[in-house]
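A.B. asks: As a plain string of letters, each chain reads:
Number of protein chains: 2
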Amino acid sequence: MVYAVVMAGGSGQRFWPKSRQEMPKQFLSLVGERTMLQRTVGRLKGFVNPDGIYIITAALYTGLVLQQVPEVPTENIITEPYGRDTAAAVGLAAITVAARDPEGVMIVLPADHFIADEERFRNVLKGAVAAAGEGEHLVTIGITPSRPETGFGYIARGRLHGTFAGIPAYIAEGFTEKPDLERARQYLASGNYFWNSGMFIWRADLIIRMIREYMPELYAGLQKIQAAMGSGQYRDVLNGVYSGLPKISIDYGVMEKATNVLVLPGSFGWDDVGSWTALEAYKVKDRQGNILEGKGVLVDTQNTLVFSSEKVVATLGVKDLIVVVGGDSVLVCHKKKAQEIKKVINALQEQGYQEIL
Amino acid sequence: MVYAVVMAGGSGQRFWPKSRQEMPKQFLSLVGERTMLQRTVGRLKGFVNPDGIYIITAALYTGLVLQQVPEVPTENIITEPYGRDTAAAVGLAAITVAARDPEGVMIVLPADHFIADEERFRNVLKGAVAAAGEGEHLVTIGITPSRPETGFGYIARGRLHGTFAGIPAYIAEGFTEKPDLERARQYLASGNYFWNSGMFIWRADLIIRMIREYMPELYAGLQKIQAAMGSGQYRDVLNGVYSGLPKISIDYGVMEKATNVLVLPGSFGWDDVGSWTALEAYKVKDRQGNILEGKGVLVDTQNTLVFSSEKVVATLGVKDLIVVVGGDSVLVCHKKKAQEIKKVINALQEQGYQEIL
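So the protein sequences, as listed, match chains U and B.
Just so we're aligned, residue 29 is where the first sequence starts under my numbering, counting upward by one.
Just so we're aligned, residue 29 is where the second sequence starts under my numbering, counting upward by one.
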């Protein structure tokens, strides 16, 4: 059977002040009316039954998950006691799925990415599930790059391994970190690189085996948790074990080391929506290139983004700004600094403004 | 006797969103803790008794006046039924003072200007009162210019008429409108020009005579109002007459035409505090030239002014901005546009945001 594991534990800061510690990006309606999580679950419709969808998240967010995707059964919400990056989360999800169906295929999806063409996405997913179903390969979807993006990791493709449901599957030759611009241009020009989408498809038993091979420490922890499953000690064991697990990503812990990785190219308008400026692609601009969501007037203003659900924002004589009013806070940021909002978070922390983070 | 008439009816928009239609600049604490009106009244201490201080304002603001300067007797608050610019206000104040003391000297002061050196101000005022007391001259205080300012009107000085309480009094040779930069530079270099401060000192009977001479229409209206003074019809007559009065300034209506004007030079740190950027002179800056009044963090930010009493403002990667959070509104304005906030007011009006103006 096919399962989905939606990773919804992230506590991103790049959409502060709209995102907060208790309301991270995946729970926000950044594009359209539905939240990123709702969109992620929604695009699995007809592909994975709701009772096959697992959401892995932090305890702080279980209320939000239940509220936003009530179709997912409560028992499918996997609560991490601490955030330990994606390797631990994937491992915990894998043993949970394996307890039900060891040979089940898990589709691992970040909860906070955008996909424009859901039909094409499901077609690629169909191929990926078929490829993963054989139980020999870790499968990932590589996004065909459309620009020399320096903000993403890349995957080099090797030879064609086969075709699944009409989708070619290539041997992945390597995962690379975020490149500099020159290298990103080379990657784009070569046609041999994909963006690392963070979407993985594999059989539960296979990823557990791979974790045993490449991350024995994590594997040992997962075995303890697995042994306690279904018992009254589960929560205590999970809490006790989890804090000691290595805090690394599944990319770094497994994917970069594994030799049995297939990558299927995807081209369906994928975007990780990593900053306020990323929203520009999805909003209507006025003639001066401004986006106004909420209440406001923009006078002598160019290429500026204003997001304000409560206060009326008036801009005068400015350009290339991001202005966001959220909760008790106002952000005024130059567009070219949209990736550096962490600096603001740090400054607010230092100055004792924890309550608005 | 000496009286003061504080003109507190203005509805300036240049400090939006902190100033509002129902809370204009003179009632705000822009510099220090006291409001501009409180400072204006306060600097008359020891010079004019509270019962000699009149405040002329709009009905909308009488509550604020009573609240902010309780030392001024209620009966000294002159309420204009409509704003008809300064000529009408001066005329109404003059007949009010004249009814009590026709030969009384009136000091007419805008309620929203800043004066750094109050001692020197009172010294000049002493000379002006002495000069005005003779009953022959309209007296004004001209500010010795310190820069080629294009935002003020200028007064040309003629020959020395005499010295009063140690202050030289010159024949005013003419009032000029706001000059362009080249002309302002010439004025500054010549040493023969003063800034028009809008502070006037004259005997009540003299200004009434001058109004009769240069503004017969206004004079006729004032006569009707005067005739109704002390009767039950006063308010009705005032309302009826006032709306028909010419809406022009006392500068334009009388001062520019009169030939008996004396100007006394003043140099006491005067400022009309005409925009958000004018406040820079009175606030402490950080090393990057920023001013933060209220709550906020300024990261990678230069020469930026932030005023926020409620929300926490975070700026990142910006410079030369004015950010103000006030009531239900947020202003983000380039400093070089600080004089054009009226454009924002107009845009807000057009788009139906009257409630926040």
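No lab work stands behind these hints: they were computed from the structure.
Every residue, glycine too, gets a C-beta built ideally from N, C-alpha and C.
Wrong hints could be hidden among the right ones.
[As the list claims (entries may be wrong)] Looking from chain U toward chain B, a few residues come up when the C-beta cut is under 10 Å (computed):
(1) Pro-45
(2) Thr-329
(3) Val-346
(4) Ile-369
(5) Tyr-381
[Unchecked claim] For lysine to aspartate or glutamate, the following EDC-like pairs were computed, each having C-alpha atoms within a straight-line distance of at most 20 Å:
(6) U:Lys-370 / B:Asp-328
(7) U:Lys-347 / B:Glu-338
(8) U:Lys-347 / B:Asp-348
(9) U:Lys-46 / B:Asp-356
A.B. asks: Are the hints correct? Go through all of them and say.
C.D. replies: Now the hints, each set against the structure:
1. The beta carbon of Pro-45 (chain U) is positioned within 10 Å of a beta carbon in chain B (closest approach about 7 Å), and the interface hint is therefore held.
2. Against a cut-off of 10 Å between C-beta atoms, the interface hint on Thr-329 (chain U) holds, since the closest Cβ of chain B lies about 9 Å away.
3. Checking Val-346 (chain U) against chain B by beta carbon gives a least distance of about 5 Å; that is within 10 Å, so the hint holds.
4. At its closest, the beta carbon of Ile-369 (chain U) sits 7 Å from a beta carbon of chain B; the interface hint therefore holds under the 10 Å criterion.
5. Below 10 Å, beta-carbon pairs count as interface contacts, and Tyr-381 (chain U) has one with chain B at about 6 Å; its hint therefore holds.
6. A hinted pair counts as satisfied when its Cα atoms are at most 20 Å apart, and Lys-370 (chain U) with Asp-328 (chain B) qualifies at roughly 12 Å.
7. Distance restraint check for Lys-347 (chain U) and Glu-338 (chain B): the Cα-Cα separation of roughly 25 Å exceeds the 20 Å cut-off, and the hinted pair is therefore not satisfied.
8. Taking the CA atoms of Lys-347 (chain U) and Asp-348 (chain B), the gap is near 12 Å; set against the 20 Å cutoff, the hint holds.
9. Among the hinted pairs, Lys-46 (chain U) with Asp-356 (chain B) is consistent with the structure: their alpha-carbon atoms are about 17 Å apart, no more than 20 Å.
Hint compliance for this structure: hint 7 alone is broken.
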